[in-house]
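Protein chains in written order, with numbering that gives the first Met the number 0: chain A, 0 to 318; chain B, 0 to 247.
Careful: at least some of the hints might be erroneous.
Stated by the list, open to error - Sample of chain A residues with no beta-carbon within 12 Å of chain B, all distances over it, derived:
#, residue
1, Arg36
2, Arg81
3, Tyr90
4, Ala178
5, Ala214
Stated by the list, open to error - Restraint-style ranges between C-beta atoms, simulated for each label pair:
#, chain 1, residue 1, chain 2, residue 2, range
6, B, Tyr39, A, Ala3, 23 to 33 Å
7, B, Asp219, A, Val198, 24 to 34 Å
8, A, Arg246, B, Asn72, 29 to 39 Å
9, B, Asn86, A, Gly314, 22 to 32 Å
10, A, Gly314, B, Thr29, 21 to 31 Å
11, B, Thr36, A, Val231, 17 to 27 Å
Calculated from the structure, these hints are not laboratory results. Cβ atoms here follow ideal geometry from the backbone N, Cα and C, with glycine treated the same way.
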Amino acid sequence: MHPAYSLIFFTTASGLGYGLLALMGFFAALGLMPADRVFGFAGFAVALGLVTLGLLSSTLHLGHPERAWRAVTQWKSSWLSREGVMAIVTYIPAGLFALGWLFFETLGGFWILAAVATAVCCALTVYCTAMIYASIAAVPRWHHPLVPPGYLIFALATGALALDALLRVFGHPRLEVSALAALAVIAALVVKLLYWRSVDNAPARADADSATGLANSGVPGGIVRLLDPPHVEKNYLQTEMGYKVARKHAAKLRRMTVLFAFLVPLVLVALTTVLPAGAAAAASVTAAAAGAFGIVLERWLFFAEAQHVVMLYYGERAI
Amino acid sequence: MTDLPAAPTPKRLGLVIDVDICVGCHACATACKEWNTGGYHAPLTDLNPYGKDASGVWFNRVHSFEFGRGADNRVVHFPKSCLHCDNAPCVTVCPTGASYKRAEDGIVLVDESLCIGCKLCSWACPYGAREFDSTEGVMKKCTLCIDRIFNENLEEIDRVPACVAVCPVNARHYGDFNDPHSSVSEMTAERGGYDLMPEMGCKPTNKYLPPRPRKFNTGDTGAPAVLEDADPAGGFLGWVDRMLSAQP
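With the rest of the complex left out, here is chain B:
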């Protein structure tokens, strides 16, 4: 049903994305595509993949932004996928009940067998989390890899979303935001995890961790604030120093 769950969901599963350490390698986008083109929403259609005007369905895309000026100017790689919002407008606009938010864990899903492909949910989402599959005629979106995270055929260590499993720098984390002691809750509290576009009122579950202040001086990094003396007094180097200094 396209009403949002009446009560707060007992679990709120989602992701923490640390844009401070993301290196923009696009591995999460590729791993997502690889898993999901054989998963719940299979296939993630590609049109004209090797020709001009290639296009296709992706659940996760990595944008690169630049901000700040001068010495503080920086590039931030910014992976974006469905935020599994508490107040998901993509769910309530759905006329057929295909788009729904799970009452048990808050994951937002599309039941393809009910979807008429009206695209209204993709209009309602401020974040561009939903992409229409023109060959299948239905809307598709990130499932938080429900076919991995609850998959008992996988070893427990692999029961995380594909994008989290693949990230080479640990910039993506998966967990339950309703558990105050989960890693995602602790990281969010500690690093000031924030919502994207809070003014849209969607109350996203996923949180982004901000870039940390830049360290300009050696002392800021934990290294000795002053490096080795370049003007030794005695010994062989002192003699070399004196000899060279004496030259005009």
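One chain only, chain A, in its complex shape:
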């Protein structure tokens, strides 16, 4: 599948943003967040900023961005619509949560309800994003049970790394957050490795024989081969669904993903527990940046490695 930059940016930025927002809510509910206005402002600015930029960027790939509002109408059937609805709904508890934190500098009582609701809404929004892809049977690598857990854990891991970095930068280090960040990164690595192992060994979902039905037609024969494509130039289907660049470098890019998204952040987060405050802050910021970059690579591969069964009509044997 063609890796549209707007979608890669949207899914990774909003994943980080929702992860950060959810964890601010979660730890606030546990009473572990400092009711510090400056830190709170930085947290909401990063989280809501990335979410909002991501949502705006996702409208960039639309043919008619001015009609984007229509996308909230079909929540009964469409995961994309549900994502749109949840993204908007999330602003309500998040706004209340921010109001309590930034204006009243309080994280107790009613505001805790808003914090919990924010965390739940964030998780639901990321789940809807994942289901947009996981619900598409025509792309077997997306139609996989580990795709929704993957999106959730990657959002949690990048969000936790960002929260850890912000806490350290503003002088409120919390060992619980660092520990959760490390655990989330390890869980994310496990999910990604399991996913890769599963999709690499999965039997083909369809092949040229079933796509054309010819091999089952009762004529003694053999496998179906494309002799002549319908046209000599590439069409929309081939540029959108027939993207091949990443598969050439897939192994290398996967190693880079493991390094930047998981190993580097893990080592750096471990180091923050022993380094002096200044160096620990720098290390945690680097960990968050490396994690975010690694997840961009991961997302690029998620699109570029995914094959669409329509390519069976354009010469692929089995997908």
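Add chain B to chain A, keeping to what the hints say.
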């Protein structure tokens, strides 16, 4: 609305495509383009049509496949357009309600005025039936020529999809699959019409008729199994035969 029709549609309009007799002339693709570039989805944009990297929107494309080995090896021309699936995933993924399946006859359509051009429907379709028009910013697809089949300004004989009307070898047929006595239902039953990629669960309406077994011997075609005697006994030819046979 992007929910599929709650009840089975009273009619199920669609096509039967006989790949046994399709000659791969691409007339259906061309006639489709010609009609539809002035029809419901007008225009079917072409980009750089006379230059390098020409591209454009087509609803119907003819692929040519080869299969079988040895004497049974054959080339099959394979026209592919929207299959108007009962369980159309392109409809349910649409976030705006632009993509819909008609409750009365099962035709799958795009309302361009509601389409935001997110392309998700084209990702959801396993068959590549939908093509994005980058100049109009909306998704376009086969309409089963609703502007022909229900067009009372046309003579009744012309109220069939453009691809069916033009086919020089009668490889394409249009009708209602819910009517067991329609030509499409009868052909499907008789020839074992099949679904493309049934494992995708889309339940396509359109059916493909398979290639028939090949006939290798003269007797298989209805001609006399043994041709005329090449060794006549009498008459002028018998004399010629004897004279020539006598030569060393």
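Cross-check of the supplied hints:
Interface exclusion of arginine 36 of chain A from chain B stands, the closest Cβ pair being 38 Å apart, more than 12 Å. Distance check on arginine 81 of chain A: its Cβ comes as close as 9 Å (rounded) to a Cβ of chain B, failing to clear the 12 Å threshold; non-interface status is violated. Even its closest Cβ contact with chain B, about 18 Å, leaves tyrosine 90 of chain A beyond 12 Å, as expected for a residue assigned away from the interface. Listed as a non-interface residue, alanine 178 of chain A keeps its Cβ farther than 12 Å from every Cβ of chain B; the least gap is roughly 39 Å.
For alanine 214 of chain A, the condition that its CB be more than 12 Å from all CB atoms of chain B is violated, with the nearest at approximately 6 Å. For tyrosine 39 of chain B and alanine 3 of chain A, the Cβ-Cβ distance of about 28 Å falls inside the hinted range of 23 to 33 Å, so the restraint holds. Hint check: aspartate 219 of chain B to valine 198 of chain A, Cβ distance near 48 Å, so the stated range 24 to 34 Å is violated. Distance hint check: the CB atoms of arginine 246 of chain A and asparagine 72 of chain B are about 31 Å apart, consistent with the given range 29 to 39 Å.
The supplied range of 22 to 32 Å is met by asparagine 86 of chain B and glycine 314 of chain A, whose beta-carbon atoms lie about 27 Å from each other. In this structure the hint that glycine 314 of chain A and threonine 29 of chain B lie 21 to 31 Å apart at CB holds, the actual value being about 23 Å. Separated by about 20 Å at the C-beta atoms, threonine 36 of chain B and valine 231 of chain A satisfy the suggested range of 17 to 27 Å.
Of the numbered hints given earlier, the model fails hints 2, 5 and 7; all others are met.
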